[in-house]
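Chain order of the listed sequences is W and Z. For the first sequence, counting from 1, position 2 maps to 2 in the numbering used here; every step adds exactly one. For the second sequence, counting from 1, position 90 maps to 90 in the numbering used here; every step adds exactly one.
Hint data in this document are derived by calculation from the structure and do not stem from the laboratory. One or more of the hints may lead you astray.
[As the list claims (entries may be wrong)] Covered stretches of chain Z, as calculated for chain W (at least 3 residues, CB under 8 Å):
id	region
1	16-22
2	43-54
3	146-156
[What the hints assert, rightly or not] Pairwise CB distance ranges, derived in the manner of DEER restraints:
id	chain 1	residue 1	chain 2	residue 2	range
4	Z	GLU73	W	ASP101	30 to 40 Å
5	Z	GLY97	W	ASP75	15 to 25 Å
6	Z	PRO100	W	ILE93	56 to 66 Å
7	Z	PRO128	W	ASP94	35 to 45 Å
Glycine included, each C-beta is placed from N, C-alpha and C at the ideal position.
Listed here are the chains, written in short residue letters.
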Amino acid sequence: MAGADLGESSSKKKKGGGVKKPKRIGFKLDMTPLVDVAFLLLTFFMFATTMAQPQIMEMQVPPDITTPVEVAQSDLFTLYVSNKEHLFYNTGIDPIMRKIDIKDLQALAVQKNAERENDLITSLKVDPAASYATVVDILDELNLAEGELVDSYKEKNLKRERRFAITPITEEDKAELAKVDI
Amino acid sequence: MGAHKPKRIGFKLDMTPLVDVAFLLLTFFMFTAKFKSEAESEQKFQIKRPVASPDTAKLPERGIALVKIGIDEKGDTLTYFAVISEKDRRSIYTAQGVDPAEANNAQVTVRDTVTLANLVLQTRRTNPKIKFMIDADKRVRYGRIEQVMNTFRSQGATLFNFVTVNRSQQG
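For reference, chain W alone in the conformation it holds in the complex:
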């Protein structure tokens, strides 16, 4: 449009300048350098951009109150992470520590919770020498199990109340772990 207007106006001003008119009609611009720069910038931004936006995992710790809360031993489901990054579990009724793979934890947590409905208290005890990645893996598995449980409770019209805590590992726990973790 702009090019055509310009052509008309210039032709009106200069009546003898009809030589320039044919050039404007079939107006062609060499876009190669423009495309070069555009693609250069495009590739730069494509490589510079990070699509993976970090996400967050919510965690709650009990407030700093020193009064201990009494819980039934039969409600306990404890997970232990040894200093060799191995996962063990036991329950209040069955204190023998059993080894389990992290990828099987989701199924186990669902099963254990289904047995005792909302009463089960899951606690996680981690050796300070274990790596943070292992802890996040376990929390992730438990969160997945939680999602599954919430869905199954909804079908039964029940309200799911999660009872989970990260508890400090004791020396006795460490000694017990050392016996089974070879």
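Got chain W sorted already, so can you dock chain Z onto it with the hints?
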């Protein structure tokens, strides 16, 4: 065949649609590009975040306080405290134990648990809406995380988040 040859010599291609698409993509990537934050360029390490299922929420852009625990190239574990909230940052970094030379930086070095406790308390006093995040490298020992968690707990910050990265986008 010979009739086609002269056409090829003065070969011209209409690049307009190509340019249209290229610019469209260019603007898209320009607007979505997120560059290293001020805080990230100050620190000496890059955090390799642990992976988690894509089920959880996204990291908020502001109104958060991050406790960064990373491992530098020498293998030392370093802790930083970064407040991502322009208006609250200055007053939070006046907390006891913070190196005054760092008070104008985007993030401050945390040397001990007492300093961290002071910072957490100062953050809660300045703006109680600020959410706490633990952004730790996946290779960090759990003992470190436990220390930070205990500090949070002692200062009444019982609700916080772990920063993770989506399993499918891990790269």
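Against the structure, the hints come out as follows:
Figure legend: the region 16-22 of chain Z, annotated as covered by chain W; annotation consistent (4 residues with Cβ-Cβ distances under 8 Å, at least 3 required). Judged by the Cβ-Cβ criterion of 8 Å, the region 43-54 of chain Z is covered by chain W as claimed, because 6 of its residues qualify and three suffice. Counting residues of the region 146-156 of chain Z whose CB falls under 8 Å from any CB of chain W gives 6; the rule of at least 3 is met. A hinted range of 30 to 40 Å holds for the C-beta pair GLU73(Z) and ASP101(W), which are about 33 Å apart.
In this structure the hint that GLY97(Z) and ASP75(W) lie 15 to 25 Å apart at CB is violated, the actual value being about 42 Å. Evaluation of the 56 to 66 Å hint for PRO100(Z) and ILE93(W) yields a pass: the beta carbon distance comes to about 57 Å. A beta carbon spacing of about 44 Å between PRO128(Z) and ASP94(W) agrees with the range 35 to 45 Å that was offered as a hint.
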